[in-house]
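Novice: Here is how the chains run, residue by residue.
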Amino acid sequence: MAKITMREAISQALMEEMDRDPAVFIMGEEVGVWGGTYAVTKGFYDKYGAMRVKDTPIAENAIIGGAIGAAMVGQRPIAELMTINFGFSAMDYIVNQAPKLHYMFGGQFTLPLVIRAVGGGGRQLGATHSQTPDAIFAHFPGLKVVSPGTPEDAKGLLKSAIRSNDPILFIEHATMYQVRGEVPEGEYTIPIGKSKIQRTGKDVTIVTYCKGLELSMKAAEELSKEGIEVEVVDLRTLRPLDMEPVLESFKKTNRAVVVEEGWKSYGVGSEIVSRIYEEAFDYVDAPIIRVAQKEVPLPYNRALEQAALPQVADITAAVKEVLK
Amino acid sequence: MKKEQYLNLYYQMVLIRRLEERGAELYQVGKIGGFMHLYIGQEAVSTGLIAAREPRDRVITAYRDHGVALNCGISANEVMAELLGKATGMSKGKGGSMHMADTSRNMWGGHAIVGGHLPIASGFAIGDQYAGNDNITICMFGDGATNIGYFHEALNISKIWNLRVLWVCENNQYGMGTAVDRASAVTEIRQKAEGYGMKNGQVDGMDVTKVYEAAMEAMKFVRESSQPYLLEIDTYRFRGHSMGDPERYRKAEEVKKWQENDPIGIFNRYLLEKKLATRKALDEIEARVEEEVAKAVEFAEASPEPAMEELFTDIYAD
Chain X
1 MAKITMREAI
11 SQALMEEMDR
21 DPAVFIMGEE
31 VGVWGGTYAV
41 TKGFYDKYGA
51 MRVKDTPIAE
61 NAIIGGAIGA
71 AMVGQRPIAE
81 LMTINFGFSA
91 MDYIVNQAPK
101 LHYMFGGQFT
111 LPLVIRAVGG
121 GGRQLGATHS
131 QTPDAIFAHF
141 PGLKVVSPGT
151 PEDAKGLLKS
161 AIRSNDPILF
171 IEHATMYQVR
181 GEVPEGEYTI
191 PIGKSKIQRT
201 GKDVTIVTYC
211 KGLELSMKAA
221 EELSKEGIEV
231 EVVDLRTLRP
241 LDMEPVLESF
251 KKTNRAVVVE
261 EGWKSYGVGS
271 EIVSRIYEEA
281 FDYVDAPIIR
291 VAQKEVPLPY
301 NRALEQAALP
311 QVADITAAVK
321 EVLK
Chain G
1 MKKEQYLNLY
11 YQMVLIRRLE
21 ERGAELYQVG
31 KIGGFMHLYI
41 GQEAVSTGLI
51 AAREPRDRVI
61 TAYRDHGVAL
71 NCGISANEVM
81 AELLGKATGM
91 SKGKGGSMHM
101 ADTSRNMWGG
111 HAIVGGHLPI
121 ASGFAIGDQY
131 AGNDNITICM
141 FGDGATNIGY
151 FHEALNISKI
161 WNLRVLWVCE
171 NNQYGMGTAV
181 DRASAVTEIR
191 QKAEGYGMKN
201 GQVDGMDVTK
211 VYEAAMEAMK
221 FVRESSQPYL
231 LEIDTYRFRG
241 HSMGDPERYR
251 KAEEVKKWQE
261 NDPIGIFNRY
271 LLEKKLATRK
281 ALDEIEARVE
291 EEVAKAVEFA
301 EASPEPAMEE
311 LFTDIYAD
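As given, the protein sequences belong to chains X and G, one line each in that order.
Read in order, the letters of the first sequence correspond to residues 1 to 324 in this note's numbering.
Read in order, the letters of the second sequence correspond to residues 1 to 318 in this note's numbering.
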């Protein structure tokens, strides 16, 4: 096992898949000559050339719409959204075209398409550049939404996404590119649509993903020092949602906290809590608590921004609350 | 064109007209649901255009797509079955009037978000360029689609990346009920291509032979130069925007004036004057079409509804 950063893991996945399959190419803003605004595709332009690493105009409809078209005719494009917030400019393609085209034409079109998008707050970018709108995208049948929380998962899931024949939104977190983690040597993939227990424990189940995983693992460490053992279930894929590990864990602990970076209202946590109540009501020993972003547009000021985002302390407090 | 080709174009135009007239009746009695947009009056446009393509060239259009589907070689049976939402439609009854496609005939839909299919058309050409072939993507859209952002992003990228796209604007004078001069900064749509340094042209869309010639020339340019081209085809729809259109936005005299230029009538006279067909041959075509449409309605009505399992099939490919 090698310890590498999230950035390296994603970069390796892209490069390995481009080497493996000539139909794979990348298109997006500043992915080529610049090397990617988060340096994920640094060196790609020199290695693969302009045809496989396409610098696009700042035109999200041309990027995502174009990638959809290229996928429909048999290529395997990876379209990059510099931030998921720019995805709103191409919302029609992400939620109204890509998820429908296979079904609406009776299975005639397939869309082997990956949309990589950088999301999340915490970088003082102001309200329009800092959102975690994952739940919006996960609302639509026909789209798959993946959002990894470790380098190992990022690499394995991205490779699976590139090989998949479905449109996949792959959400990365802007503050996690330097996160380091063990990654298996050599070739591996991780199946899409499988949640994973990232830490075992007996007292409380934390259900989370992406940035929430990083925070929850820290919270778990702190709680462990106080004798509280939490089990952390990482969703990894928001649609299709794999509830099995969540329910299995909950049936053991009977208490849960759901952690997400997005807003609480109509969020991922709302979905998870409903599903637990619907499918494991008899096992509920305490009301489930959601930890999420405060219901405000994210402010620029560092202290205000951090106050709006979920913190480790919010998670430890919530775990203690459900144990009362 | 050979004599048989002329007759075949005539057959296609009459087929579109008769099939849609029957479709309108079936809509009125509730056998066809949803939105239905008739192509009646515009038959010469897609008939002339698609006759000029090679089979390897891709066609993509908007929601006024029945005629385009027929021109691409999709059978009247399948079109009618899809209109009736039957399992035997090419989209298994899941797409309906606005979503007709058959990839085996290089007909890529039937897309109903105005302008939304233009960047997808660019994407087809990106894929073909990446594959290294010289296929053309023929992308049809209405005048109304040229005022939305998609149009501009798609044209721009097709020019900077040297994509083989033939952009075809069917200017039927109205975007729903809003006349071109009330919605577009320029009424001559082809001028919009100038802003992208894109070659462009304009042709009378009521005359199928003129459309065919203009399309041949434009496709030759696109294929040989690997450059996009915008062709504006001026036409007129004789019916409302869709079946539920009260038509308060235009006068009956205006419609009547255009109807005097019926593309089928113009072509009928042309064929007779040029002695490319006899009256008898044209009558035979019309009789053949009547029979074909009647059989298509029979086929569609007798076809099964989609099975309930279809509700959950084809959501994902994997």
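What the hints contain is simulated information worked out from the structure, not anything from laboratory work.
A portion of the hints provided could be inaccurate.
[What the hints assert, rightly or not] Simulated crosslink set (SDA-like; lysine to any residue; CA at most 20 Å straight-line):
# : chain 1 : residue 1 : chain 2 : residue 2
1 : G       : 159       : X       : 55
2 : X       : 159       : G       : 318
3 : X       : 264       : X       : 288
4 : X       : 194       : G       : 317
[Said to hold, decoys possible] Computed list of chain G residues with no C-beta within reach of chain X, every gap over 10 Å:
# : residue
5 : 90
6 : 131
7 : 188
8 : 238
9 : 287
For every residue, glycine included, the Cβ atom is placed at its ideal position computed from N, Cα and C.
Novice: Now look at each hint and say whether the structure bears it out.
Specialist: Consistency of the hints with the structure:
no.: 1; hint: G:159 / X:55; verdict: holds, 14 Å
no.: 2; hint: X:159 / G:318; verdict: holds, 15 Å
no.: 3; hint: X:264 / X:288; verdict: holds, 13 Å
no.: 4; hint: X:194 / G:317; verdict: holds, 18 Å
no.: 5; hint: 90; verdict: violated, 7 Å
no.: 6; hint: 131; verdict: violated, 7 Å
no.: 7; hint: 188; verdict: holds, 25 Å
no.: 8; hint: 238; verdict: holds, 29 Å
no.: 9; hint: 287; verdict: holds, 33 Å
Checked against the numbered hints given earlier, this structure breaks hints 5, 6; the rest are met.
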